Amino acid sequence: MDLNLKGKVALVTGGSHGIGLAICNTLAQEGCNIFFCSRGKRYSILGAHDGIRQFTDVRAMEIDVSTEGAVDTVVRGAIQAFGHVDILVNNVGGGSSWGNIIKWEDTPTSVWQEVMTHNYMTTAWFIGKLLSSMIKNKFGRVVSISSLYGKESGGTPWFAGAKSAQVALMKNYSRNPRYAENGITFNTICPGFIDIQDKTFVKSAEDKIPVGRPGRPEEIASAVAFLCSEQASYINGATIVIDGGFSKSI
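If you count the sequence shown from 1, you need to add 23 to reach the numbering used here.
Calculated directly from the structure, the hints in this document are not laboratory data.
All of these numbers come straight from a predicted model, not from anything done at the bench.
Careful: at least some of the hints might be erroneous.
[What the hints assert, rightly or not] Here are the computed distance ranges between Cβ atoms for each label pair: (1) G268 / E85: 35 to 41 Å; (2) K29 / K159: 34 to 40 Å; (3) Q103 / K29: 33 to 39 Å; (4) I258 / R62: 39 to 45 Å; (5) Q77 / T132: 42 to 48 Å.
[Unchecked claim] In silico DSBU-like cross-links for lysine-lysine, where the CA-CA straight-line distance does not exceed 35 Å: (6) K29 / K194; (7) K29 / K159; (8) K159 / K231; (9) K159 / K126; (10) K126 / K29; (11) K29 / K161; (12) K194 / K271; (13) K29 / K231; (14) K194 / K161; (15) K271 / K231.
Note that the Cβ used here is the ideal one computed from N, Cα and C, for glycine as well.
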């Protein structure tokens, strides 16, 4: 299927590894120009950049986007590089293992705030700063990578709360005719257990996944690419769980 993405510009946050890198590679193979950002603390931005470059034009920025000023810097960089942004993929986040995962009451307020900032506020900032250009071009795709635990109970409360807020943000944006009538859609993907670098799963968790294995980053990326396509123009406000059948909610 031709997704008609050739020449589109995609901004992907947290694009140096795992799901983010898979999204960059998949969109690049579909013909998108890629601008991605990453903190670059544990993973090589240069290595990711060189891998994507074999498919398309790519630019990368090493930066921590946990402040609004940093988000401004990334958006300016993307627009300077490519002139505009058609696709925003909010992948940066994390925090499921931060704090005291046993005695929740001992987790400091700073952790709750940091997880909310990384997952919810960065999403809100990026969306807010790119909407005007998307409206001008009458096209936009915003996809946020939340979590299964943003859709149903599980995990730590600071992480689940931030991811739930992210889902709610996307749903509310999708309901605003100002954006929908200008060809902009907002959708959320909620991955379950995904086999990425530095992530390990106890055998009992894998046993409970009906397909019998964790997911692959590329399986998330394929769904993102479709949501960004012209064929998905009527999909707006969806929350899609990709977890091999692990979740229990309907």
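Violations among the numbered hints | 2, 3, 4, 8, 9, 10 and 13
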